[in-house]
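Peer 1: Given two chains presented individually in distinct reference frames, assemble the corresponding complex, making use of the accompanying hints.
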Amino acid sequence: MQVEVDVPKCVASGQCVLIAPDVFDQRDEDGIVVLLDDSPPVEQYAAVRESALVCPAAAITVSER
Amino acid sequence: MNRVVVVGASAGGLATAESLRRLGFSGDLTLVGAEASPPYDRPPLSKQILTGELTAAQVELRSAEQLDELALDLRLGVEATGVDLATRRLSTTKGAIGYDALVVATGVRPRSLPGATGASGVHFVRTLDDALGLKESLQPGQRLVVVGAGFIGAETAAVARSLGVEVTMLEPEPVPLARALGEQVGLAFGALHREHGVDLRTEVAVREILNDGSRVTGVRTAEGGVVPADAVVVGIGSVPNVEWLQGSGLSLGDGLLCDEFSRAAPDVYGVGDVARWTNPLFGVSMRIEHRTNAAEQGLAVARNLLEPGAGKPFAPVPYFWSDQYDRKLQAYGYLRDHDEIAVVAGDLRSPSFVAAYRKGEVLTGVVAGNAGPKVLRGWRAAIARQQPWRDVEAGPGQLDARSGGAGAARTGGAQLRTVDRMQRPGVF
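Here the protein sequences come in this chain order: A and W.
Counting from 811, one number per residue, gives the positions in the first sequence under the working numbering.
Counting from 95, one number per residue, gives the positions in the second sequence under the working numbering.
Worth flagging that the hints you see were computed from the coordinates, not collected in a lab.
Given the structure is predicted, the values throughout are model-derived calculations rather than measurements.
Nothing false has been slipped in among the hints.
Quick list of in silico lysine-lysine cross-link-like pairs, DSS-like style, CA-CA up to 27 angstroms:
1) W:Lys422 x A:Lys819
2) A:Lys819 x W:Lys229
3) W:Lys422 x W:Lys229
4) W:Lys468 x W:Lys422
5) W:Lys453 x W:Lys406
6) W:Lys453 x W:Lys422
7) W:Lys468 x A:Lys819
Covered, in the sense of this in silico footprint (three residues per stretch, anywhere, with C-beta under 8 angstroms from a C-beta of chain W), are these stretches of chain A:
8) 824-836
9) 860-871
Virtual Cβ for every residue (Gly too), placed ideally from N, Cα, C.
Next comes chain W alone, as it looks inside the complex (with noise of 0.2 angstroms):
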């Protein structure tokens, strides 16, 4: 094992690169980005980049200083265009390279919108440079129309209503985050928006994105009617980057299709929002586009491929956190097709709650509105072990549990239940 190229150089192909050097990979390291600028972090694009707290230099992952003690080949600019797996050779636009071990770490992209090319003033908030763009838009008075109401068009709608902007948010579902947190926990959020002035409507799907020949004016939705803005941020999902993968022989579906290990082939890995795998903790494949999950999984394929005999299963418990106006969310586990929430302290409208999220019998993930360290890591610990949903019901905060009681509602596919007020939430 001579020559690991790492394809991708943001959180994910970063944390691959830095890891096999601590772990004394001291053969050629090649890490390939896409992008012209050195890696950086993507998270604050829609939160204290547009509010102005951290400047494009603090978003930076590594110092020139740092990325140099990594002895890295860093060829930024340059995509990749192809692989062959007989050969072991990557083209890319500018040449082909040569290794022993490959990681595919190329993330996603945002989808789009017809309309959004040709015309400035339309955002996506993926690059910095993008988002840098948008945070000139924020100006009060302005009228920003976003489009999708998931976590980046969330949190930028609170940082647009902060700075003074009128704000009209569009979502084709009928609740907001409803996908990522269930529907209760994203109507509280839908209701947290219109309070703070946010123009949310929902059952709202966008036809196309329309402008005057070089700026954008408005959109129009499906049913025909036309919203006028002065900019647009797009955030309707994202698709990840496998394209350039078709035909290699690697099994793509949602994502580059990995074992437990991320391997997707012999010395071929996958890493970050990109790779799908399945996560033996919770027994289903999925993929995961947070900022943590990257890194984590970094420095497991790192491990793995270094010494692929002694492989380990990667098994983390996903984390992710939103700033949307005063809460701060936080969210443990695998929170997707969940069969039951209940709130287990404060509520749901008010900027302090824990919510717990049932499959099957277990405890498979929590979401937590400004809940303490201590609060969180004792949630945390639970879904890793798997803890019996039983001891939610039942935990040492002696939780009277009305299951189908007057706290029962149900709305969709999941049941919410409202149990007591616990009060030692993270001790089970």
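This is chain A alone, in the form it adopts within the complex (with noise of 0.2 angstroms):
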């Protein structure tokens, strides 16, 4: 799995950083995602989708080849 974020997209809302705290993290200064593990381990698959979709920027991209 391959994941990407869209960075001018992304909206402050850390909905991402409540479901994968392993894979996402905030800018401290003004809560902009920060992509921790661009590839995670097979254990992390479910959250990250699950990520992607709430999004409400719909600033995450994962594509699983």
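Peer 2: What follows is the structure in structure tokens.
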């Protein structure tokens, strides 16, 4: 799994950090997403997919290949 | 369960369809959308689409390839016209579709005003085409009248001012954003707009939109005055799209009425702006018109739909944000009908603040301006665990809760108490 974040689209909601804190973080100053792991281990897949789904800015793209 | 039909192809409908596939549903999945465009994101319409920071292509929710991977029967430009629960058939403007489970995600439409149709220059900022049309009108020196100082109106006004547009914002209530945020926070936002040069006029209702036969010329207020305009934005709330369900046997009120599982009837569910359901976390029936809720409810419904016997109540902490000038406003929880607002960090007239909302004896919401992520996460967690209000007053920053003391003020039904600055507001 490859994870990409579109930083200009991020609205700093922090939903991804709530769901997958090992994969996503937020910058302290403005809450914008920080991608911690762009190819997370398999046990993170479900959480990463859920993060992409509920991201209110549609800023997370998951590619499964 | 071989055929699932999702009606509504915006954020909620798409999230439901995508979740169904992710959860392993391999049957026929039909996504019906009234608009001709593939699913796109609406929050940027009153923000980055108007500023030009994002293009139309950038607000598409999924690429064509990603949609293909979902193996959907995607029917765009098709409107649902009715449903027969007994025979499990959806009727549309382009024929009937049988289903085993039905998801209603038809959203809302903006409230309108007399004179709004038939002339150019009137915008609702609900659809991408409309927002792109408005963007063309936002030229320096042009006169924009914004009817309604809710989020659509306030965000649009903020962008317009940044582009040098003359903005008059008319609000029927005494305080802008009061219904959503409470009077005190609303007052602060009203002041912010005035500081940025918006001619904000409260307690002014609009009776009709005026035009010269082809183009808008202004609006007429309830008292008969005319406010001239080169363009008008109508942001006076929205109406759930449920008329097509009338006579179906489904319960309709302000939205499609659902239980705590977001279920309206056996194998019929509601998702997003259109769905009114009971949120057990707050114990109230709510209908949430926020982007995040649409996706979260889509996921919850996909789970419940596939395993109705193991259904889980949908009990989210609602979240929304709003961008206005240099402020990013973020809110968690349920703010309506609150009993009290306490400003627990900063003050409402500064860009950075945290305001906590009480209902009964429990913390039910928080609104923060330009707050750091760790602060917000702490507050969200506190709302999710129904933190007693006394802990807000006596938080770890040794809050000096001067109840009824020097900081107390009364406006309308709710109390505002200014509590001393909290050192570490996110931590309980």
